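From these two lone chains plus the hints, build me the complex, please.
Protein chains in written order, with my numbering: chain D, 1 to 297; chain G, 1 to 451.
FYI, nobody ran anything at the bench for these hints, they're computed from the structure. Take the hints with a grain of salt, since some may be wrong.
Cut-off 20 Å, straight-line C-alpha distance, at most; resulting in silico cross-link-like pairs (EDC-like, lysine to aspartate or glutamate) [said to hold, decoys possible]:
no. : chain 1 : residue 1 : chain 2 : residue 2
1   : D       : K287      : G       : E203
2   : D       : K286      : G       : E449
3   : D       : K290      : G       : E203
4   : D       : K290      : G       : D177
5   : D       : K290      : G       : E449
6   : D       : K64       : D       : E80
7   : D       : K242      : D       : E254
8   : D       : K286      : G       : E203
9   : G       : K16       : G       : E281
10  : D       : K56       : D       : E80
11  : D       : K286      : G       : D177
12  : D       : K150      : D       : D207
13  : G       : K187      : G       : D29
Source: prediction; values computed, not measured.
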Amino acid sequence: MKLKSLKITAIMIFLSLAVSAQDWIVPDDQKNVANPLPYNLENVKKGKELFLKNCKSCHGDPGKNNVLPLVPPPVDITSEKMQKNTEGEIFYKITHGRGAMPQFGATISDDDRWRIVNYIQNFNPARQPMLVNAPATKAKLLASVNEQEKKVEIFAEYLAADGYIKLPNAEITISAKKNFGNIEIGKVRTGENGRAIFTIPETLIGDEEGYVNIVVALDETFIADVVTLDKAKVGQLKQVQKLIRPGVLWSTNENIQIWLLISYICVTGAAWLTIGYVAFQLFRIKKSSKTESSNIS
Amino acid sequence: MNKIESPAESRKMLDKIMTDLTRSITKKDELTRFWFFILIMFIIVGVWGWIIQIKTGLGVTGMRDYVSWGMYIANFVFFVAVSLIGFLISSALALLKISWAKPISRVAEQVAIAAVALAGIIIVMDMGRPDRFLNVFLHGRFASPIIWDVTVVTTYLTISVLLFYLPLIPDLALMRDHMADKLPKWKIKLYTILALGWKGNPEQYKIIYHSMRILMLLIIPVGLSIHTVTSWLFASTLRSGWDTTILGPYFVAGAFVAGTAAVIIVMFVYRVRYRLKDYFEDLHFDYMGKLLVFVCLVYLYFNINEYLVPGYKMKLGEGIHLRELFVGNYSVMFWFVQLTGLVLPIVLLLFRYFRKPFPIMVISFVVLVASWLKRYIIVIPTLEHPFLPVQNVPDHFKHYSPTSTEIMITIFSFVSAMLIITILAKLFPVITMWEYAEEKGIDKKYFSEKP
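Excised from the complex, chain G in its bound form (with noise of 0.2 Å):
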């Protein structure tokens, strides 16, 4: 690193720093009004759905007296695994002192918040009846996994949030000072709020500092728990499939290698958008590369034991579910998902152009996708599979498939995640400004310095 001595050097990269960081606030055209449109239309369309579904009641989706969980809890693990990657980049990595993760904690914080938020919305719309939704608050028992996941997803919010607006906060400060005439006036008031009247002394860093590193080893036990909890509403049942002790560390393992897809996407549109090629370097793909294939091989191992201890086994009601996803009704799906979701990008990844920032962004998609569709075969076969003989049951009762109002609300979580995403990035940097600037040389005492 070498430290940039003169003044007018420093102010002159700072500014360049500031320009092209803010570029996502200060940015408007065409474009981004009509990804708005078009998010706004696809959320409002959802909204519709739902209404429908609480009038007329928990009937219009698929789900019936077996399958009682359908596409609404395989969205909901689906998005508190891809949470998951705020606690793997902006807390593990940081602590481990990887500084090439350090712009990319921004990204994951957002990944995190948006995808934790839907997780809680996507649950309460899950629910028949959503006004007694604060009985599971009122009259929930404390030996339930459930209460126990409310409680966990609730506190990984809350540090997520945190740990988002921590850093965020000088960003705020040199945004209030430098950028009151390029901005319009409410968000430099909403600047002004929120950066708390930031003076940049050392006293307020070193409570930044010191902040950041209560929450980062906070968020360590309680990201762990989030997705452990999430694997034991189902680990802690009987049914062939979720009666497993590994399910904790496999879903926390899955959720690595969707949460990093995630973000890589993410990356790629900030870099390609709004022209940030120096900030997220292709290096910085290349690294994420080769952390997806780490993520991917943990998870690889898990799902080896996943399937082949059971399989070597074949007890009856394990034999029924593992025959339905190998060679049954799931078997596409399931091919899909181990081949082309975690095999392939495995394989692929190996090689160094696969790392550069498009191909990298077309597997991550690939993965996410079948991430996604991983939770739905984590959920639905067990299901349709009881211990109890299924007998004098419509058909439609055996097998799920889910509605077009289901399909609908689950659009609607997607876009509404991208939504989250989109307004984070339309208000604040995509990358801590201030910690960027010092990692290139610059001190600190510029950033308090008024134009």
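Bound conformation, chain D alone (with noise of 0.2 Å):
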């Protein structure tokens, strides 16, 4: 690993020659742009999912200043020199790379990379964080499943300083349970009564009866206990097709050979039939001993 990380420094070193003695300019104009996504909760969280699959490999976790060793070295999105970009400078920079760093115009939306530049605004001292690394809170969750109209019902309470009560604004993740781990099925937030509906959608398969095992969770900034309804009869049955041909021998018992079946009933009958017989022809020995013995008598 080392030494591959070597190879990539002594390769960026010669990519970044040109570049590395120099500040990176953005255009006047660019410079200014303003950011068209309002920085709220929303946008900074997903920036926040956008920057851990994009910009993580080399920028590092935030404020740990664990970056990639490229020349020149990638910026910790926490420090001051990052910060003191204007988000104009920022968006331009990810959409337009230099040296080691790709340009994401062509692969991250024009909307996605402004939420981007929301994520590193949240570490910016002049901005309200939005993310707040507070310890999580304890929280209980109910759910129960309405199977004629498909729908969850879910409410969430959380523990505040006189005990629990009811959980507003809440993100809640519905997900299936699958033989290899959950699938997402989507998300629901809570309403003011801490109560939230989720309407599953008509295009979730189930297994073959239509059954689905339906997992509730909050995010983890809660401590819950996950809720899982097991066998709620909402998804489309799954198509299974039938692996073996009708017309073989060895089968099932649904697809059984009639001709099969009815050979084995009527042999193996008509053999226990018969013993059947014999075993009653005992009881005619003992009818057979004590109808003479009265007779002598």
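Quick look at the structure:
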């Protein structure tokens, strides 16, 4: 691994020789472009997801200064060097790239790039941070399925100073439990009363009988037991291909050749009826010995 | 046959027959106790082995992914084979009115009951989860030869027990009436219950003959199917060595060889141990020897078919299998089985000397051992050569060898079979007394006389 990163470093040195000594100049007209997306929790969160996927591998964890050793070195997004950029500058740099920094203009949409900018802004001292590393809150989650209307009804509470009270505006993730982990079906937010209703999409596929195991969970800022609703009949029937050809002899009881079943039942039945008949003869022997003794007496 | 006229002579003769034939029941000596002690010790060891196997799982056996049928299944096939003799002697020969076979029929039934009962037990012992045994009936597939096998084994066991019990009823009544002073009370009580209040009137005899005849007819298809279905467990697959149409009759013929040998051994033991020289005569051994030659010849014929035809074609899989048997890892066992267990007995038993009781008993013993090994080389080498390549597995997956636990449990099955036969011999006469007496010309009316 070390050797590999050394190699990468060497290559990057050559690539970036031309630019390494210079500052990264952003054209003036780009510098002050305003962020079209509002700075709010939703955008910051989405930005975080995008950052983790696209940027973290070089820029490291925010605040930990564990960037990849490239030349020029990537900058930790919480650092002063990063934060003195305007929003427009950051957006420009993400879009066009330079040296080892790729250009994301073609791979990430404009809105999503602005969201990444929003996430970086989260660490700007001039901003009120949206994502706070507060200790997780204890919470309780209740959920039930309405199979007729295909809805999941959810109620969330959290532990306040004086006991549990209803939890408004919390994000709930609804997933389906599959053989190899959970697959997310959708998200829903609780209302003011701590309640939420999630409509299960029509396209959800269950097992052969349409059963789905639904998992309801709060996000990681809460400590709450995940609610698993086993065997909810809300999915479409899974179409399972019949792997046994109808004509074969060996088969399950559902596909059995009718003549085979009849033969089995008839032969076995005949044998056991005969055995039963012989067993009945034993009673006749017993009866016969009684009648004779009564004749004598 | 000379009819005995005088009542006194008849009574004396009947008395002698009864004394001789119930010697197995009345005899109580150190040897009997020692024999029981030995059997029960081995059974305890076997049960202990089984408990280990249940606790730890089938991993204690040598069976792995590829060879998933090991010594247990080979042993199962062997016991099913041995049990078939009940059908041959007490039904087929009796229906053909071959009178010399009559005294042997109860021995044959004893062997059949013991063997088929053990066949059932072995299957349960081969299960990793014997507690799920009932699932075979609850969730069985009617299109599966395994279900057919379970069905036919239970049916055959029931018929064998009935075929053992029906001709026993008059004997039980005889012992109930004549031996009250010689036997412990519980035995007499048992005989009284089992005799069903037998009075010996013509109607009752008629019922016995009638029922016997039905059972003898019924056991022919059931007996043939028990071993044919067992062969289908193998023949219904595509495996080299099993994928052949003659496996059914091949198994049946092999079964007669094993069963005849087993009956000869038991006959010899009874003859020596219970001094039944006048009952299991040299003549019986002579005829049984001829019967053994006959069934061995039939079996040899099937063996030639079984190996020559695939050997001529040498399809890839069959070729590997046959080479393994003829010159490979199993060649010693294979040639021992074919030559010592089949060809040599045929040659030797053609001579009158070797059909005398002791030599034929020794030959039968070798034949029986070879029969067991034959099942081993039917089951295991085939499994060692699956069609899919065996890759990236530990070496002990590729070659099967039984573990000590497996051997313990297999010995248990032999000992249990011997215990069942011993208990049957200790409880009931080893030859049907009333039939034998009647054969000797004693009228039925003397049977029901109270002393």
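Regarding the pair K286/D and D177/G, is the alpha-carbon distance no greater than 20 Å? holds, 17 Å
Between K290/D and E203/G, does the CA-CA distance stay at or below 20 Å? holds, 12 Å
For the pair supplied as a hint, K290/D and D177/G, confirm whether the alpha-carbon distance does not exceed 20 Å. Given that 20 Å is the threshold and the Cα spacing comes to 17 Å, the pair holds.
Taking only the CA atoms, is the gap from K56/D to E80/D under or equal to 20 Å? holds, 18 Å
Starting from K150/D, check that the Cα of D207/D is at most 20 Å away, please. At roughly 16 Å apart (the allowed maximum being 20 Å), D207/D and K150/D satisfy the hint.
Taken at face value, is the distance from the CA of E80/D to the CA of K64/D at most 20 Å? holds, 13 Å
Sort out whether D29/G lies within 20 Å of K187/G, counting only the CA atoms. holds, 18 Å
Are K287/D and E203/G close enough, with their CA atoms no more than 20 Å apart? Given pair K287/D, E203/G holds - Cα atoms ~11 Å apart, limit 20 Å.
Straight-line Cα separation of K286/D and E203/G no greater than 20 Å? holds, 11 Å
Take the C-alpha atoms of K286/D and E449/G, compute the straight-line distance between them, and say whether it is at most 20 Å. Holds, because 19 Å separates the two Cα atoms, which is no more than 20 Å.
Assess, step by step, whether the Cα of K290/D is no farther than 20 Å from the Cα of E449/G, and give holds or violated. holds, 17 Å
Does the alpha-carbon distance linking K16/G and E281/G stay inside the 20 Å limit? holds, 16 Å
Comparing the model with each numbered hint stated earlier shows that all of them hold.
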